[in-house]
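**Student:** Residues per chain are reported as follows:
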Amino acid sequence: MRIAAALLACALVLTGCGGSDGSDGSDGAKGSKSGVTVDIAIKDGKVTPQGKRVDVKAGESVTLHITSDADEEIHVHSDPEHEYEVAPGADVTESFTLKTPGQVAVEAHHLDVTIVQLVVTP
Amino acid sequence: MIAAGLQAHGLGGSTDLPIPFLYAMVGASWALTISFAVLALAWKESQFAAEPDATEPPPRRPWLAVVGLVLTAWLLVALYAGPSTAGNGGLGGFYIFVWVGLVPLALVAGHVWRDLSPWRTITSLLGPGRWAYPKRLGYWPAVAGLFAFVWLELASPDPGSIHAVRVWVAVYVVVTIAGGIAFGPRWYDRADPFDVYSAIVAKLSPFVRDGRWRVHNPLRTLPSVPVDAGLVAVLATLLGSTAYDSFSASSFWQGRTLSTWQHSLTLLGFCAVVAVLFIGAARATGGVSAGERRLLPGRLAHSLVPIVVGYIFAHYLTYLVEKGQAVFFALLDPLGRGWHPLGDPDTSYVLSQHTSTLAALKVTFVVAGHVLAVVAAHDKALALLPKGHRLSGQVAMLLLMVGYTFTGLFLLFSV
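Respectively, the protein sequence lines represent chains A and B. Numbering follows the numbering used here, in which position 47 of the first sequence is assigned residue number 47; successive positions increment by one, without gaps. Numbering follows the numbering used here, in which position 347 of the second sequence is assigned residue number 347; successive positions increment by one, without gaps.
Calculated directly from the structure, the hints in this document are not laboratory data.
Okay, the calculated beta carbon distance ranges per label pair: (1) Asp-44(A) with Phe-328(B): 40 to 46 angstroms; (2) Pro-80(A) with Ser-414(B): 26 to 32 angstroms; (3) Lys-52(A) with Ser-348(B): 28 to 34 angstroms; (4) Lys-99(A) with Thr-407(B): 28 to 34 angstroms; (5) Lys-52(A) with Ser-46(B): 48 to 54 angstroms; (6) Lys-52(A) with Val-174(B): 40 to 46 angstroms; (7) Val-66(B) with Thr-48(A): 53 to 59 angstroms; (8) Val-66(B) with Thr-63(A): 50 to 56 angstroms.
Quantities reported herein were computed from a predicted structural model and do not represent experimental measurements. Cβ atoms here follow ideal geometry from the backbone N, Cα and C, with glycine treated the same way.
All chains should be modelled from the sequences, with the hints used to inform the complete structure.
**Tutor:** Here it is, written out as structure tokens:
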């Protein structure tokens, strides 16, 4: 019983902290005009950046500016997924918004690396 | 190219936000305080040891065996006859419902896997097994199977590849049935990775005891996890691989380009470190003979189960609940013919949207698992250790558990 009481107390304190929930009423729909731009360069079999964290607000517009010297497939692992094919000499911009908080990986599939991790906060 | 790439745990989609620093700190201080409170203030005589084991588990229930056969057939049809894309319902069902769903199922319904297991059903129709299962193998075949699974999921070149999963499952089915024909039911109790995983977690179920519904204190059934060679390795594989899964999503790790070998060896290293530290901490007591000391890690291994389960819940909760919805609907259309018997609803992201509640839940799972583990280890130590060493003999294990929990919270906070 002592254990049960301890667990209960622990759960209460922790959820007590969670009282002020992160959904600040904005509903993520406004999307600032500027948004976030990520510059991605694929050159000589390397991608820059690699494994970087980029902070994004839910509903904010995210723009990928991709330059590449090779065939590559860029996947954005959100729901729904976004896939962009780039060809050698490409210089493209692609935009999307992310609605759900979480971390979304942007990956280069041929090179098999994570380019950035979009940290989507409410 | 049908490959889905190197995203976390085999399937695409987003992962959780890191938990806020404050939550990690609150969790860590609770874990630390309760740990030493248990050591200093809790009972001084073992309460839960020496529970008589159930002599024989009750017979498997035929209706559950039928359910198991139908569900397995469904999953296999989806996996092998469904679309060869990352959206294949069998692929998602394997990673989410089989691997992650197994844990809550065992917690709620006990070791119902034993009744459901289609491999047990098939081989029971073929006879009781030709040979006795070799005692010295212990749980090691299950360790190999579990490691093969976590390798596929976390370190193989392309975990989301339907082809890789088809090959893995085919090998698993052949090996499992062959072992069952050769060694009978004992094979499943010791060598089938999923069956063993379920049996161990089921000991923590507060609702089912000895295979039937009965509400009880799970700390009384936890010490009855059958001890055999390789038990510590089973638990270390589960805990180490989950920690590796978090770690491999860190920018430190993603910033490097590494080979499959480097990923695989790091995964193995995580599991090995968890195991070696546990064995060391379990043995760190005075007043026992060398022979008794060698038995201590196995006898204390059950106390690691709540830490494993708590951390796995924290790590996989959104994955199960949110990805599970999409997989459920994909499984209703196993052949990819566009069947939507229940409509085509969007995934509900209630958990992900309430970031603070989610973070609080995750910390609660980790801390609750830690507390149960510390209590279980304390109680068993009182039964195992000689009088003069009961307090000092527990300290290393207590510190190690605090270390595991702090590492888990650190990973949840930083990745």
